[in-house]
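For this one, chain A is given, so just place chain B on it according to the hints.
There are 2 protein chains.
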Amino acid sequence: MSVARELGRLARRDPAIEVHLVSNENFFVFQPLLPEIVACGVEPAHILNPIRQLCPDVHFHCRAVESFDPTAKTVTLAAADSRHRQTLSYDHLVLALGLTIDLSRTPGMAEHSKPIKTLGDAFHLRNHVLDRLEQADIEPDEGRRRQLLTVVAVGGGFSGVETVAEINDMLRGVIRFYPRARVVGTRMILVHSRDRILNELTEGLARFAEKKLRQRGVEIILDSRVKEATPEGVILGDDRRIPAGTVICTVGNAPHPLVSASSLPQDKGRVQVEVELRVKGFSDIWALGDAAMIPDIKRSGFCPPTAQYALRQGRHCARNILAVISNRAPTPFAFGGLGQLAVVGHRCGVAEVFGLRIAGILAWFFWRSVYLSKLPGLKCKVRVAVDWLLDVVFPRDITKFSLERTDRVQRAHYRRGDVIVHQGEIGDSFYIIENGEVEVLQRGAGGEPIRVAVRKAGESFGEIALLKATPRTATVRCLTPVDVILLTGRDFRTLVDSCGVLRSRWMEDVEDRLSSPAACK
Amino acid sequence: MSVARELGRLARRDPAIEVHLVSNENFFVFQPLLPEIVACGVEPAHILNPIRQLCPDVHFHCRAVESFDPTAKTVTLAAADSRHRQTLSYDHLVLALGLTIDLSRTPGMAEHSKPIKTLGDAFHLRNHVLDRLEQADIEPDEGRRRQLLTVVAVGGGFSGVETVAEINDMLRGVIRFYPRARVVGTRMILVHSRDRILNELTEGLARFAEKKLRQRGVEIILDSRVKEATPEGVILGDDRRIPAGTVICTVGNAPHPLVSASSLPQDKGRVQVEVELRVKGFSDIWALGDAAMIPDIKRSGFCPPTAQYALRQGRHCARNILAVISNRAPTPFAFGGLGQLAVVGHRCGVAEVFGLRIAGILAWFFWRSVYLSKLPGLKCKVRVAVDWLLDVVFPRDITKFSLERTDRVQRAHYRRGDVIVHQGEIGDSFYIIENGEVEVLQRGAGGEPIRVAVRKAGESFGEIALLKATPRTATVRCLTPVDVILLTGRDFRTLVDSCGVLRSRWMEDVEDRLSSPAACK
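If you read the protein sequences in the order shown, they are chains A and B. Residue numbers for the first sequence, in numbering that gives the first Met the number 0: 0 to 520. Residue numbers for the second sequence, in numbering that gives the first Met the number 0: 0 to 520.
There's no promise every hint is true.
Identical chains share a label here; the pair holds if one copy fits it or two copies do between them.
[Said to hold, decoys possible] Here are the computed lysine-lysine pairs in the DSS-like style, where the Cα-Cα straight-line distance is at most 30 Å:
| hint | residue 1 | residue 2 |
| --- | --- | --- |
| 1 | Lys-399 | Lys-116 |
| 2 | Lys-373 | Lys-399 |
| 3 | Lys-279 | Lys-378 |
| 4 | Lys-297 | Lys-399 |
| 5 | Lys-455 | Lys-226 |
Simulated from the structure, these hints should not be mistaken for laboratory data.
Just chain A, same shape as in the assembly (with noise of 0.2 Å):
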């Protein structure tokens, strides 16, 4: 957004330069205030930023990328209704795709922890500390209140601390209004791998973040690893099971589908650039962000994946492209980091900055104040100022923010004569027939359609468009009145491919099928 934000803006009277922005959400989210989501301390839509409000001179498309051809020079996305492709044409690329989490590298974290890299990780994860107060409150059993009531987080980096912090806060304030949760009280733990927290801090201040940590109650086990995940709890290396309601995950950063896929150089996942931004051996490719590895000019090794960072990346990488373009030479990206600023619960904060440090309450309030003023958008600023403010009067919120929908069956109504898939488009959903009938037509070699099935009641179609990720390889069309029974792709493709048992009995069958259309009459 950044990068985009500023071309937008040095380019608005060239019209010969296009700006076009593609994220597969429409706003811009202010990562840093995550755990004060989770902790009912800010709202999750005041830290949420619309991107066309925030680039007017930009084309944006609210769509996700299916990948990108260096050499035709193209960028693949899904188009409007999902189930066709659009192909935007680049002169210059610029790839900010960050890291994704990978939890399958311990058993049971992917299915028993809480990740918390997005604004729906946050909000999830609030949600269901609010709901293990709720079921601690009525819980008759101690042993089991107990354990609904502890929280443990797996990594001690900044992500991992200020989680855990917050949420002791939030429910040190809010366990009065939960009576019988109150008499067993909460339990807070960090885990951490290695002999310190907060690594990229000096070990001075890291000292002090520990030391804070531990007067506010929170157990802190160092040096170990969580080595399983339950829908128990955790067990680390040393086998001590550590019974748990919620397991917070911070750690196991990943590269991005997009990034691994490609061809471009690659060091662990992060895709290898130039002190210019220029990916390596690309003239027209540029990455930035998380998801680059970018030599750090003013100090040794490589920049650190912060926002600080990235957002001065991105109007760097803004001012080459221009460079570039009007034939001048790029520049290296040259910035020292200002510091860096953590909060470890109730008031109190630790900073480094300018080679200063300081802790406590006026760090607190100086991380505050930063933040602040980085948030984008005048009306977040005030929002989340009034949040702040709120604070110290009410008690938090523990609105468990449910979005139980009316009942809502996933199906579909169609007439005679409708059409509900055409061959050649991409295919997103599966369907069981629920009343009616419906024929399967393919493309003969005139381009006639030719009926090579008919579907009645209880049979299905859709799924090998789903399976074998090919567009659709026949037009259905509706013979009667049609109900239908809607699976989406990614529910679909989420049983199948974690199941490889399901899995290779369905493609047998499509192989079946398409092998011997006519079979299937």
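Showing chain B alone in chain A's frame:
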């Protein structure tokens, strides 16, 4: 909530009186502002109030009620872990269950329209409308673009009118951020079955509202019903097709399932009560709000299903219950209503208060003041007031609040010897084994566990309890480390319930297993 709050307050000094409140959500949602949520004018979280903070003198159970028994005087809920049941005994029972919406009366409506009954509905409708804007902005086909930007609302009562008015204002305010959608413009259509909208208001006021809506560009189709909804839009009674990207349904009130399943006297799906709010023929069951048919002794007929009546019924019911407990006579509920208010768009409202009719900006301002004063909780008032102030200065928030989470498959990992389900528990999931082996155990005559089957990768278990709605018929224990794929009971039931064919096949299988458990060894 209003009954419990008042009872808790009045009985604070009497330890003999225990007030229990059961709700499946831990917050109270202020319904009249739902249309503003849809239109991005107010943030969802701002109209929610945590029940525990509003009702400090009440025992709160955040659970769904499964049934109540007027003979045994008990209410049954799912317990904390959802796998057991919990029973509460009562001396007095108050039913305030409201109504639900039944979308199945019109073909296609359940599948292709959006209701606006719950907070989740409002939230999803908001996202849906913003999604249509994003799609329209990248859609090359003009006809399709026009369709995406058309909104049809079915039902011209308060809810339909206010939702249409708010969405219309919102779209007009934000369309400038969507350059390609702006060229086409938006279209809003309100379909109502009678000859004028807002039948609750006097004709003069309703006509004024109609005129104002038309002036703001809303098309109003009177004396017309939607006879079918399809993925492409709606079809009216006279076979006119209206292509639309969004269909909102505000008609189809239906009784709450607990009410219709009960033996209480009912009329049109509502519980019949005496003027004292006691259910006819019962001395210890009370009913109020939308779920009850309450004689209106100030006027003729029955009390209208509005918030101003419901809140007063709640307080009155609390006083009557205390009267009965202390052997005094309960008094009849007598309230004539204060008037009615509706907003019809851009700072324009209509109102009828104490016999006085007002319309225009004054009525709009009055509407906002009344609702702000009725909104429970000072924190909510401050937040909504801030939202309304910000709305004067800033453009509407167009974040398509995505709650996409880091991919987490619905699976679970168990260790050898772990028990996945216990015989006798409530069934809440269906399991497919991905890796490992489990044994199925049933208690013998002497209570000793007998192995009746072993299940391996690719096999499944857990469907019997879900299909037959009985407690688990067996215990399942891991013979090896086990990974399972989970389908929640709800997803499983949706799929099975909505497909008769699937259901009957599965049931045959289940009957086989039940009649000869040894057969599945």
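We went through each hint and held it up to the structure:
no.	hint	verdict
1	Lys-399 to Lys-116	both (20 Å within a copy, 18 Å between copies)
2	Lys-373 to Lys-399	both (29 Å within a copy, 22 Å between copies)
3	Lys-279 to Lys-378	neither (40 Å within a copy, 54 Å between copies)
4	Lys-297 to Lys-399	neither (46 Å within a copy, 39 Å between copies)
5	Lys-455 to Lys-226	between (49 Å within a copy, 25 Å between copies)
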